[in-house]
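Participant: Protein chains in written order, with the UniProt record's numbering: chain A, 1 to 260; chain B, 1 to 344.
The hints are simulated quantities; they were obtained by calculation from the structure and are not laboratory data. No false leads were mixed into what you were given.
FRET-style restraints, in silico, Cβ to Cβ: (1) A:Leu-83 <-> B:Ala-103: 29 to 35 Å; (2) A:Leu-83 <-> B:Asp-193: 32 to 38 Å; (3) A:Met-243 <-> B:Gly-184: 54 to 60 Å.
Every residue gets a Cβ at the ideal spot worked out from N, C-alpha and C, and that includes glycine.
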Amino acid sequence: MRRVWSWAALIVGGLYFLLPLIGTIEFSLRMRRGEYSLDAYRSVLSDPNFRATFSYSVAMALLTIVLGVLIVVPTAYWVRLRLPRLRPVIEFITLLPLVIPAIVVVFGYIRLYNTSSVLPLTGTASGTNLLLLCGYATLALPYMYRAVDTGLSTLDVRSLTEAAQSLGAGWVRIIGRLILPNVLGAVMSGAFLSFAIVIGEFTMAALLNRPAFGPYMQLLGANRAYEPAALAVIAFAVTWGCMGLMQLISRLFGTRIRPT
Amino acid sequence: MSFLTLDHLQKSFGATRVVHDFDLAIEKGEFVSFLGPSGCGKTTVLRMVAGFETPTAGRVVIDGQDVTRARPNQRQIGMVFQSYALFPNLTVAENVGFGLRVAGVPRADRAGRVAEMLDLIGLPDLGGRYPWQLSGGQQQRVALARALAPRPRVLLLDEPLSALDAKIRVSLRNQIREIQQQLGITTIFVTHDQEEALSISDRIVVMHKGIADQTGTPAQIYNQPATDFVAGFVGTLNRFEAEVLDAARGLVRVEGAEIALDRPLPAGRITLAARPESLRIAPDGIPAEITGVEFLGSVQRLRARAAGREVVLDRFNEPGAELPSPGAQVRLAAPGAGWLVLTG
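Hey, can you work out the whole structure from these sequences and the hints?
Facilitator: In structure tokens:
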């Protein structure tokens, strides 16, 4: 009897997630009247705006990951090494982006860095890109920090650091050569989550008026019928691809370092 | 002029003073152990030598050079940790070669030195393995090779054997001592295990509450403990309350038995102590009742009750000699030199 209920729960849950997906896929294939075709996908993929916005977002996502790693790895490491009592505080700070809506953050940015401010970042395209990059890094912070901190918890950070120091190593070498490689699996999972977030992000990109993938999806959705469905499926596939990669890489690095 | 000088070292964490005025001069090639219970400050002194803690006062001088303020990575000190602390992402050979790589030694020279070190620790074929593929004892030997590879001026061992099981602990400690003597490297070894300290050290510093209670050879520490703490911490002691009969000639009385110590004593009551191997069953002495007999192979251990306390006697096994049985009434004595006089 219990078995039946668990199967029922599984099926209901599965339908809840799968039906909209199947519906979207089915709809995206119906651009040609009366038969299934990939016309919608062809149309999306041949749109130069799709390529431009998608590659813009991919580039931003990669830069976000780099910035995130540069900020988070040394911070999490230092907190564990020297300021363990501050850990709850830092953890709380890294969670703030989940509580503060992106729109609040971006309005804050615009007020602080507008063209009549001391640091007029929004005055130029590259300045605005930089601002958007910082915004993305903030959004990714909770995921990145958590992943890296968990990775660090599997290491005896203090002994490893002292061993390296007694062998003559400086901070850059310790972090780059010892700490980072040992938390690479964790960094990777944080990185792919960041990637998925940045690819679909709408609010910040739209309000800062940058040609990102999120606003493009919205624009397409407002003006076309079949293409948005195709685009949704593509975005979905990309995200799932990222998740799969994340699993694969963390498992790969996991086995290289530890058997479990 | 000694090679490593610890000059009036002090360390406080906040209001707590962990190390009081620690003074020690170590000769080149000497093997010195810091022995004491946990929290006695031995590790803190070691960490001040390594540079992981900055002394509140005092100086650390290595080979005539004051390194008190030098950063740990500029001291040329090799350190081995209780937790091994091998770098998990590097192979054994890369671990051993890490210090050489930091020092900018060319690849070919590095490989030669790594092979030499792996030979030294008896693991010449394990260079390609990762640390998790090794046993604890092997990991600690690799950690030793890693610490020695860059030819450090001083080797610091922070409870390196504590995480290992008993059998490996003994064989590794002998190996550490052999390698240390072969290389002639000045070494400080921190341990809470008196047997370890007694067996491999040139000199032992017994520490207690941040103070060096006594510094001396293992035999001096064991046979002539300078303080009650040293006497009690190193080895087993049987204590007896004694009444001084003649302070000048060193005559005392314990439970009706008179004992001549042949040394001047304070007047009044004192505490006498004897090691288990100094006590023996004699026709004349302190009355006692045997409560237990343990046969340990080369040693027979007798437990007895004397003067209201538990007493332990060790004696070598003699084939044919009869063991007293529990309940037997005996008398215990020790030679005059076997008695320690405790002040507290």
